[in-house]
Amino acid sequence: MTIRFNDETFRGDYTYHNSPEAIRRFPFPFDQDSYMYSVNIEPHAGGRAGSPFEKRFDVDEHYVSEMKDRAITLAEDPMRCQSLPHMDLAGWDFLELVMTSKAEDYPELFELHRDGDRWHWINKPMGIEQRFTFLDTTTLPCGPLEYITRQTQGDHALLDQREGNLWMDAGMITSQADWSLDFDIGMNFFEWHAPVPKAHEMGVFQRALKFLLNLQQGAPVRRLNWTMTVNPRLDTSPENYHKWGPEKRTITPETVGSKQYLRVELQTLWRLPRSNAIAFPIRCYLLSLEDLVSVPKWGRRLHRVLRDLPDELAEYKGFAVNRPTIVAYLAQFDDGEPTSPGIFPD
Amino acid sequence: MPRTEFSPSIASRPVYAGLTSQGATPAIMLADAEGAEALIDLAGQDASVMDRAHLIYIPAGAPHGPRLAALGARLYHEAPSFAACLERYRQALAEAHMGSQLYLAGTEGLIGQATAEALAAGLPADAIHTEHRGSVARRMQCVHCKGVTENVTTDPFICAHCGLTLFVRDHFSRRLGAFQGVCVDAETPGIVPPAQEIKP
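Protein chains in written order, with the working numbering: chain A, 1 to 346; chain B, 1 to 200.
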């Protein structure tokens, strides 16, 4: 398997684009014609060949450009990557997990050679070669979490487990759906989810926490989450909201197909061996509506989901103002035919 | 002024359960303005709670100092501001032994900052007792410039550091001891709703 890496941008001129193959493998998040919160967790134990669920850490055509965008964000605001002092070991755990997984799953792209604690890492797409001593932070150019997440698509949070709760005590967060690591770092599971409407009353977080506290090593899990984003922008942070906010009001019937994106997060959760922390990668996939409707099933289904979504959720997800335009656009692609079960194209 | 009753809110918003005596254990007490009355009521429940207490009071114009001083705390200190007594408070936290209790009373800004200091110093959360009295002004962190604006009484308000107009969220960071303020006209620059008094 070879991947052709796109040369593209996620800001400014927004040259981000999906190839026909990337459209087909997009992780469409709706398995039926309506949506409400649920815990919706399943084992992250592979998946359909070619899908983003197949490998432990999916690498796709956006990898190199996405890492360049992360570097830009970090240069402007280094506080997007933080780790409380007790989380260093969890950072090493995560580095090990990513390096071993990528070297096994993508041997043509990544190599890891280990001689005791002397490690040699080769990242061919990014042109990186690093020799270092495992668990010795002085042998890396930065902390282990920052080092590996500058080379791994998606945001990444490390959750400490104590007092029967999970605590967001470290993270690399540069492509977030409008939440601030700098503000939320140190919060427990209920605190950082506090702004989410409805789900608390439904008991979603109590059940999810109970499940995650018992997460076992070697048995990672995954779920999908979604929102809507105007322009293919990764850095939709609250920090920069006053800079990207005006773009949200540029949606018209003429531009909605090309400028409005469905933003899907493939969230995975991994128990880490030494620290007993949980790694929480949040991988972001973006697909414009005009590309999305090239899969007829998805066009029909997204129309029904967004048309019938409770106002509160549209408000929380931040697209209430554009919903009528989006639904009117998608209606053209909904002929009322039934849709097949599951998320994959027919 | 009685204990403040807040309307129900989201899970990160602090709740102040009110002060109840944990007995004559070593204690740090910190209050500002009307918070003094919570400590006076606490001593009224159980006078022995003062026997081993180090009490720091920030009057902020309130007249309760003499009554507090007369409660018989082991140490009594008045300070003109939280910043002025911060090192004294930190030393008291650093010297606290297992079983020491912390009583905080007054405004959210004081309780928030003092709680953040105590947690950072390693005090267990269940040794921290809080009661809200007086002004419902909030301590707000601007999510954009990260500056903290004290004593915010309206929503929206102007960030004292970067000048953006921010709306007042209920989302609260115990680590920062502050609520989050977010640009209110980010999507429609210049269109700002009228400011309203913050309600409990």
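Since the hints were derived computationally from the structure, they do not count as laboratory data. Just so you know, not all the hints are guaranteed correct.
[As the list claims (entries may be wrong)] Only pairs whose alpha carbons sit at most 25 Å apart, straight line, appear in this in silico PhoX-like list of lysine-lysine:
| hint | chain 1 | residue 1 | chain 2 | residue 2 |
| --- | --- | --- | --- | --- |
| 1 | A | Lys317 | B | Lys146 |
| 2 | A | Lys198 | B | Lys199 |
| 3 | B | Lys199 | A | Lys243 |
Verification of the hints:
For the proposed pair A:Lys317 and B:Lys146, the alpha carbon gap of about 24 Å is at most 25 Å, so the pair holds. Proposed proximity of A:Lys198 and B:Lys199 is supported: the alpha carbons are some 23 Å apart, at most 25 Å. Under the criterion of a C-alpha separation no larger than 25 Å, the hint pairing B:Lys199 with A:Lys243 is inconsistent with the structure, at around 30 Å.
Going through the hint list in order, the structure does not satisfy hint 3, though it satisfies all others.
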